[in-house]
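Kindly produce the complete structure, drawing on both the sequences and the hints.
Number of protein chains: 2
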Amino acid sequence: MSGSASKSLARLLRQTRRSSIPRPQLTQCQSIRASFEPVRSFSVTYRRRSDPSEPHHDVRYTTDMYPSLKRDPRFAELTDEHIQFFKSTLGDDAAVIDGVTKDASDDLEPFNRDWMKKYRGRAKLVLKPKSTEEVSKILKYCNENKLAVVPQGGNSGLVGGSVPVFDEIVIALTRMNKIRSFDEISGILVVDGGVIMEVADNYLAERNHLYPLDLGAKGSAQIGGNVATNAGGLRLLRYGSLHGNVLGIEGVLPDGTIFDDLSTLRKNNTGYDLKQLFIGGEGTIGIITGVSIHCAQRSKAVNVAYFGLPSFEHVQRAYKEAKIHLGEILSAFELMDARSQGFVHQVTGNKRPLDGDHPFYCLIETSGSNTEHDSEKLESFLEYVMGEEIVSDGVLAQDETQARQLWGWREGITEAIGHFGGTYKYDLSIPIKELYSLVEETRERLDSKGLVGDDDSYPAIAVVGYGHMGDGNLHLNVPVRKYTQEVEDAIEPWVYEWIQKRRGSISAEHGLGIAKKKYIGYQRSDTMLKLMKQIKDLYDPNGIMNPYKYI
Amino acid sequence: MSGSASKSLARLLRQTRRSSIPRPQLTQCQSIRASFEPVRSFSVTYRRRSDPSEPHHDVRYTTDMYPSLKRDPRFAELTDEHIQFFKSTLGDDAAVIDGVTKDASDDLEPFNRDWMKKYRGRAKLVLKPKSTEEVSKILKYCNENKLAVVPQGGNSGLVGGSVPVFDEIVIALTRMNKIRSFDEISGILVVDGGVIMEVADNYLAERNHLYPLDLGAKGSAQIGGNVATNAGGLRLLRYGSLHGNVLGIEGVLPDGTIFDDLSTLRKNNTGYDLKQLFIGGEGTIGIITGVSIHCAQRSKAVNVAYFGLPSFEHVQRAYKEAKIHLGEILSAFELMDARSQGFVHQVTGNKRPLDGDHPFYCLIETSGSNTEHDSEKLESFLEYVMGEEIVSDGVLAQDETQARQLWGWREGITEAIGHFGGTYKYDLSIPIKELYSLVEETRERLDSKGLVGDDDSYPAIAVVGYGHMGDGNLHLNVPVRKYTQEVEDAIEPWVYEWIQKRRGSISAEHGLGIAKKKYIGYQRSDTMLKLMKQIKDLYDPNGIMNPYKYI
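Sequences listed follow chains A and B, in order.
All letters in the first sequence, in the order written, are residues 1 to 551 by the UniProt record's numbering.
All letters in the second sequence, in the order written, are residues 1 to 551 by the UniProt record's numbering.
Rather than coming from a laboratory, the hints here were simulated on the basis of the structure.
One thing to keep in mind: the hints can contain errors.
Each pair may be met inside one copy or between any two copies, as identical chains are not told apart.
[Unchecked claim] Mimicking PhoX-like on lysine-lysine, the simulated pairs with C-alpha atoms at most 20 angstroms apart in a straight line are:
{"no.": "1", "residue 1": "Lys140", "residue 2": "Lys130"}
{"no.": "2", "residue 1": "Lys530", "residue 2": "Lys140"}
{"no.": "3", "residue 1": "Lys320", "residue 2": "Lys300"}
{"no.": "4", "residue 1": "Lys482", "residue 2": "Lys449"}
{"no.": "5", "residue 1": "Lys433", "residue 2": "Lys320"}
Written out as structure tokens, the structure reads:
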């Protein structure tokens, strides 16, 4: 199949007679080459739950990393009596993993650590309720008995938000996995909080709709977790944020109160929109058991293109042109630097989409209702960026398989980078002009301190940047051979000061969890923090919900 | 220019050689006729502020309509000393309309009544701060002195939310009317709360962007008021709700605290999204002084079409087909019944866009980046709905003037209906299938009680339905010769019970204000109401913010 991509593009380019847009001569353009020959498939989705059979002595306890954290003495220690209550309430043996009255450390381990091997807790009890009423009974009991809890969805988060720190009880939503309803006229889907994103999206695909959020961990991430994290993901540019798309939430407050706001209406202005506090609340004021969400129609035509570009300046120009030429069909504009693509190549062994090395890569996706129109728009964009030499090289996916493979080069970065030991991850909002400067400055900084290099004597392997260009959202990643205080101190709080000066965000979409908690002051004023704490105290006066994290 | 609309459509229809969509024979379609000849222009925007020179004895005091309302004795009465404080704080004479130490009733009247002539208060003081700091000083003082206040934007609301009930102090945002910044790359606009929608949209138009909300009152409605009401408007279908588009809010809490969350980032997951409580909070927990909002690119191509249809069943089919054929360029799908269009014709005297009477009318708007593509999509849609006889007749605007005129037939309804005395207005979310049944049932109900008819002996003139089909949002309007208890009792609470049975919303986009306050129990559970009251008590323990309204 070598050559098919370039042939198609040439055909596309030839087919443009009808377009009234003035076109550059083809001789001006660097030709888009044929390089699309996947060597072996690279799945774009992962199950991020750690394999319990893996040795886990490699993961340090979170409390070792954050020695200043002390177990809150307000919280009770688990007793046999507590276990008896939970077993009698949840009934089923599969619903309780009990490490209190017996040894269950191997069964508990996957719930006690994150997939990045960065956070590890010491929970002795995991509860898996199967209904909102069971969640209510659990929380009410925990609140009355001052037992701290951690809500856990797919545990695919990036800031340690869903991993226990001490002996908090894990409340896993895995068994609340029913799709409750879908209305094809309005596009409104109602699900349990534990439904996996990909399951929902497959269900919607059969009904010509799509889940309005997409991210690399979709094979394990749960919808309740998406909402609790206010996940942004790959298509926010097109479909907007969860604050707009989530129409209703059913949840349980710490005292067992069922928060019944599972509206299925596009519009409903009847009182304070309290459900918004759950969106991005990271499980600190309640547990999300049900979600009602507006889903767009699935596009008939989806195109994916992948480019190499000579500089970040060129990436910005390409983005500007994409907005002009692609307009309403632009559904993703993703940035990847050379190092990020090198890691994906190294870990997967897949043949690269483009020959040669380029300092920057972009992935552009269009989604529209008319294949011919979308191809024409894309073509006019391609001609322009090639003619103006804004991009150096590119390929265009010819079918869904190729589109998924191209997406693999973007979605696979996190997993590929995580392969070497660990990763310092920063998820930042930055004015677009300065987006990549931070990566360069971080690289210089670690280099000048002798902390980054190719051989094993350096703690850090590289400094990598990628992200959602369209949202001004950069993922700054520093893969390390092991987590060390030296590297951490070289980056933090320097990176947060950098962001603060530019009025960016220290957490664009990953949330605060335990990773960002201590840096919130770089982002929010004392006034805002005081107001947030008021809300926490209002809903969770005993502080049992996901303690030691967030604000 | 008679004939231009039909000629253009015929030309469009002939120009479809390139389209691969199978087309019905033109002979199958009822031809789209030429009827587009505006007799006199009908402005689509209004200044809704009442003319103070009008006699106002025609408007009853709100307290006469709601005799059970009593002035809250916790609130202080205004004194000379208070007035002195405000005058010294705001400095400028124009900033204080003082009806306490002197007679200023004519100057106060426009702030004391709404444009529908339905609500009328007895405020003796209007304050017009020009900065957030001034708002802060005012509120702090009012809070300490237990002086009740009503925040007021353009006063174009529909539920009496911005009109005082007793002697609350009106805080008018009119002088906070600066556009603070706009970033053309990100599309993020930052404005004072008192900026008028249309001013912002004109400013954005010059920069190829658009304000993501549109509504009939845009010439007077202010952005702070939009946000406080969570206004939905005409283009929610395309651009989404304010919960998604508003990125930051600066506000003042009752104790004078400045809520500084005026983020200009598309993504920012750093703590509870408290600003969401202001969106739709109707000025009951604070005053919005600044708004940061994401604005989409302005579409190069905008098309507007207007149809006559034989039944509501046909309207639903047209909507389904519009979603299929127009996909991502569909930006509005509005429903208007025969009576609504009759009123616009009667009041404006404009020539109707279509000959003959049709039971239903729709207005469809497309907005896209490519004129040719959009025309092709619209054409394929038109061919289909004409070929299948889903629509009986239609016209297509040939230029922006005609587009605005067609919009006038939708946007002018509220104003036209309000011409006769008064209107009982219900703004409801209903599952689309049953959307129009409510209008029919209400008509039958009033008819059977002998309350509606053409001559002056009947209190009600008609029962009218129109609204945002795409959002499942019906405006049920009952224009009356005068407001009577009889008509009100025939409709309420029956209409709310009807909605409750179908799990709709008793206020889709207008909010609660004073009009819906007592019916909130049809919408929200006791649990949710209790949680909302907690929030109110948390932020406004003295209850000074917009009392007697909301929940």
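Status of the hints after comparison with the structure:
1. Lys140 - Lys130: within (16 angstroms within a copy, 49 angstroms between copies)
2. Lys530 - Lys140: between (26 angstroms within a copy, 18 angstroms between copies)
3. Lys320 - Lys300: between (25 angstroms within a copy, 16 angstroms between copies)
4. Lys482 - Lys449: within (17 angstroms within a copy, 80 angstroms between copies)
5. Lys433 - Lys320: within (12 angstroms within a copy, 42 angstroms between copies)
Checked against the numbered hints listed earlier, the structure breaks none of them; every hint is satisfied.
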